[in-house]
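Given these sequences and hints, build the entire structure.
Residue numbers (this note's numbering): 5 to 112.
Think of the hints as simulated: they come from the structure by calculation, not from any bench. Just so we're clear, the structure is a prediction, and the values are computed from it rather than from any experiment. Wrong hints could be hidden among the right ones.
[As the list claims (entries may be wrong)] Calculated cross-link-like contacts (lysine to any residue; reagent style SDA-like; alpha-carbon spacing at most 20 Å):
hint	residue 1	residue 2
1	K44	I90
2	K99	D8
3	K44	K99
4	K44	R97
5	K37	Q107
6	K37	T53
7	K111	D34
8	K44	K12
9	K12	I24
10	K37	V87
11	K99	I24
12	K37	F49
13	K111	S101
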Amino acid sequence: MDVDDEEKDNLERISSLNRIFDELITDASDLVKDLYWGVKNYLFFGLVTFLFGVQEIVYNIEVIQERLYIPLFVGGIMLFAGVVQILNYFRLRGKYSRLFRIQSQLKS
5 MDVDDEEKDN LERISSLNRI FDELITDASD LVKDLYWGVK NYLFFGLVTF LFGVQEIVYN
65 IEVIQERLYI PLFVGGIMLF AGVVQILNYF RLRGKYSRLF RIQSQLKS
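Okay, here's the thing in C-alpha cells:
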C-alpha cells in the first residue's frame, strides 16, 4: 500500500466520522432528553417494584406465618429488583450528571 492509498483511506474515514458527528450534534439535545428520562424511569419503576414487594409481604403475612413462603420469596425478589433499579438510577445519574447539567444550562 502506498502513501496515496493510505491518504485516501484516511480521508474516507474522516468524511464518514464527520457525517456521524454532524448527526450527533443535530440530535444531541433530543438524545440527552431521552437519556435523562430513561434514567428517571429507573427510579420510578424501582420504587414501584419495591413498594409492590412490600405490599406482597404485608398482604400475605398470615400465609407466611403458616409456613407458606412463596409470597415471601416473590416479595423478596421484588424488593431486591426494586433496590437494584434504584441503585442503578443513582449510578447513572452520577455518571451522566455533567451531561444533564450542560443540557439544562443550554436550555436557559
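Status of the hints after comparison with the structure:
no., hint, in the structure
1, K44 <-> I90, "holds (10 Å)"
2, K99 <-> D8, "violated (43 Å)"
3, K44 <-> K99, "holds (13 Å)"
4, K44 <-> R97, "holds (8 Å)"
5, K37 <-> Q107, "holds (8 Å)"
6, K37 <-> T53, "violated (24 Å)"
7, K111 <-> D34, "holds (12 Å)"
8, K44 <-> K12, "violated (45 Å)"
9, K12 <-> I24, "holds (19 Å)"
10, K37 <-> V87, "violated (24 Å)"
11, K99 <-> I24, "violated (24 Å)"
12, K37 <-> F49, "holds (18 Å)"
13, K111 <-> S101, "holds (15 Å)"
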